[in-house]
Amino acid sequence: MPKWLLYTLLSAFCFGLWGLASKMAADGIPPMQNLILSAIGLIPPALLLLPLIQWRSEPALRKGIGYGFLTGIVGGLGNLALFAALSGGGKAAIVFPLTAIYPLITVIIAWSALRERLHGLQMIGIALAVACVVVFSMESGSSWSLLRGIQVAPWLGFSLIALLFWAFTGVTQKLSSRHVSAEVSVLGFTSAFLAIALALVATQKLSWNFPLRQYVLAMTGGALNSLGTLAGFMAFRQGGKAAVVTPLIALYPMLTVLLAVPILGEKVGLREGCGIILALAAGLALSAEKTSADSGN
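Here our numbering is used: the first residue of the sequence shown is 1, the next is one more, and so on.
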C-alpha cells in the first residue's frame with residue numbers, strides 16, 4: 001500500500017470520529033462556542049509536533065505556512081457553517097454526507113490550477129464517491145428527498161456554505177505540502193483556527209453555561225480535526241494528488257454514520273448499506289494509481 005494512501009485512510013478515520021464528536025457537541029453547544037472549543041482542542045497536538053520540526057530544512061517556510069494558514073481559515077469557516085447546520089436541526093447522517101460532496105469542486109480546481117491528471121479508473125472512483133455521498137444524503141423512506149430539501153431545509157444553506165469552503169482546503173493543503181513538512185503545515189492550520197476563535201471571543205457576547213461533557217466533546221473534536229488534517233498533509237507530502245486524496249478523505253461520513261448507530265441510536269438500512277458498498281468501491285478505484293504517475297505531482 002502506498003504511503004500516501006495509508007495516510008489518506010488514517011485521515012478519513014480521524015475525520016469519521018470527528019464527525020461523531022462534532023454532532024454530539026453541537027447538540028448542546030451553539031456554533032461559535034463549538035468552534036472556539038474545537039480550536040482549543042487543536043493546541044495539544046500542535047505542541048507535540050513542535051519538537052519534530054527541523055526549521056532549517058524548511059526553505060520555503062513563508063509560503064508553506066501561509067498556505068497552511070489559508071487552509072485553516074477556509075476550513076475553520078467551513079466548520080463554523082457545519083456547526084450551524086447541525087445546531088439548526090440538521091441530522092448527522094445527512095449533513096456530513098451532503099457536505100462531503102465538496103471534492104467535486106476540489107477536483108475541478110486541481111485539474112485546472114494544479115494540472116493534475118487522472119486515470120480512467122480514478123475517474124470512475126470519483127463518480128462512485130459522489131454516488132456514495134448522494135445515497136447517504138437521501139433521507140430514509142423517501143426518493144431523492146435531498147432535492148426537495150433544497151427548498152425547505154433551514155440548515156441546508158449552512159451545509160452548502162461549508163461545502164464551498166471545504167472545497168478549497170484540498171488545494172491549499174496540496175500547495176502547502178509542496179513547500180514545507182506536514183508538521184509545519186499543521187501549525188499554520190492551527191494558527192488560523194485560533195485566529196478565528198480569538199476574533200469571535202473579541203467581537204461576540206457568548207454564554208458558556210454548558211455541561212462539562214459538551215466541553216470535552218468539542219475539544220476532542222478539535223484534537224481529532226488536527227490529527228485528521230496532519231494525516232492529510234502527510235498524504236499530500238507523500239505524493240498523493242489533491243484530486244484523489246480529497247475524495248477519499250471525504251468518504252469519512254461512512255464511519256460517522258456507522259458509529260451513529262450504536263451511539264446516537266440512528267438506524268442503518270438498505271440505503272446506508274448501498275452507500276458503504278459504493279464507498280469501498282470508490283476507495284479501491286481511487287487508490288489504483290501507477291507508481292510512475294505518483295512522482296509527477
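Worth flagging that the hints you see were computed from the coordinates, not collected in a lab. This structure is a prediction, so every number in the text was calculated from the model and none was measured. The beta carbon of each residue, even a glycine, is placed where N, CA and C say it ideally should be. Treat the hints with care, since some could be wrong.
What the hints assert, rightly or not - Simulated DEER-style distance windows between Cβ atoms: (1) 199 x 274: 37 to 47 Å; (2) 55 x 204: 48 to 58 Å; (3) 57 x 269: 49 to 59 Å; (4) 258 x 121: 22 to 32 Å.
Hints, verified against the model:
Between residue 199 and residue 274 the CB atoms are about 42 Å apart, so this pair conforms to the stated range of 37 to 47 Å. Here the CB-CB span from residue 55 to residue 204 is close to 35 Å, at odds with the stated 48 to 58 Å. Between residue 57 and residue 269 the beta carbons are some 51 Å apart, a value that agrees with the proposed interval 49 to 59 Å. For residue 258 paired with residue 121, a C-beta distance near 26 Å keeps the hint of 22 to 32 Å intact.
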